[in-house]
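Full structure from sequences and hints, please.
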Amino acid sequence: DAKTTQPNSMESNEEEPVHLPCNHSTISGTDYIHWYRQLPSQGPEYVIHGLTSNVNNRMASLAIAEDRKSSTLILHRATLRDAAVYYCILSSSGAGSYQLTFGKGTKLSVIP
Amino acid sequence: EAQVTQNPRYLITVTGKKLTVTCSQNMNHEYMSWYRQDPGLGLRQIYYSMNVEVTDKGDVPEGYKVSRKEKRNFPLILESPSPNQTSLYFCASSLSYNLPQETQYFGPGTRLLVL
Chain A
3 DAKTTQPNSM
13 ESNEEEPVHL
23 PCNHSTISGT
33 DYIHWYRQLP
43 SQGPEYVIHG
53 LTSNVNNRMA
63 SLAIAEDRKS
73 STLILHRATL
83 RDAAVYYCIL
93 SSSGAGSYQL
103 TFGKGTKLSV
113 IP
Chain B
219 EAQVTQNPRY
229 LITVTGKKLT
239 VTCSQNMNHE
249 YMSWYRQDPG
259 LGLRQIYYSM
269 NVEVTDKGDV
279 PEGYKVSRKE
289 KRNFPLILES
299 PSPNQTSLYF
309 CASSLSYNLP
319 QETQYFGPGT
329 RLLVL
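Line by line, the protein sequences give chains A and B.
In terms of the working numbering, the numbers along the first sequence are unbroken and rise by one, the last being 114.
In terms of the working numbering, the numbers along the second sequence are unbroken and rise by one, the last being 333.
Don't take each hint at face value.
[As the list claims (entries may be wrong)] FRET-style restraints, in silico, Cβ to Cβ:
1. B:L317 <-> A:N25: 18 to 28 angstroms
2. A:R83 <-> B:N225: 25 to 35 angstroms
3. A:S94 <-> B:A220: 30 to 40 angstroms
4. A:R79 <-> B:Q319: 21 to 31 angstroms
5. A:N59 <-> B:P326: 19 to 29 angstroms
6. A:K109 <-> B:R262: 17 to 27 angstroms
7. A:K106 <-> B:P326: 13 to 23 angstroms
8. B:T233 <-> A:D69: 48 to 58 angstroms
9. A:P19 <-> B:E297: 48 to 58 angstroms
Think of the hints as simulated: they come from the structure by calculation, not from any bench.
Think of the CB as a built atom: it goes at the ideal place given N, C-alpha and C, for glycine as much as any other residue.
Now the structure itself:
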């Protein structure tokens with residue numbers, strides 16, 4: 003699987019936007035970019051995913067670079083509930099089933 | 219409510235005593251999998267199942283067994299638990315096994331301590 007690189011940790015003030023970066027320079031043309039987050043003491047939860055175009059949903063926005071070698075998860079207004087570990091993951095189809103390979107993610111702290 | 223449930227949520231056991239962690243989903247998903255999460259190692263896949271009676275090994279299958287007799291259930295079996303299986307376990311499911319854009323839904327986790 004293609005690898006992703008994320009900062010270990012980031013901080014944000016409450017009610018301010020947060021931009022979480024992810025580098026994936028070896029991404030292939032069929033790889034989807036997924037973001038999951040894991041709140042303390044909970045299982046990972048889906049945030050957003052995309053292939054080539056920028057994506058928006060009720061939780062966040064995903065900005066994908068034109069060359070697809072990097073992406074940014076945007077939380078428009080951080081709340082205390084957004085404090086979590088955020089994982090940027092690539093998945094692609096191929097022989098057999100696909101797998102989500104979780105790295106170490108970015109631990110986001112939100113300061114009141 | 220669409221969900222993945224796991225039982226028990228917490229378990230303390232002793233070395234060698236067989237145990238089963240249950241996982242159930244109510245979304246009619248084809249694909250189910252088990253992960254373990256350990257500090258510094260992240261989430262690693264143990265086993266997965268693409269449909270009823272179809273299972274395969276993930277990255278760390280040693281010491282574990284699974285079965286998929288019904289679509290909704292995917293139990294994880296530790297025949298002879300050892301202390302190195304002390305971990306946080308997550309079950310996950312998704313609609314299909316071969317569409318990389320599919321979302322995986324995770325259970326709340328089972329924290330296992332093997333003495």
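**Item:** Earlier hints that do not hold, by number
**Value:** 3
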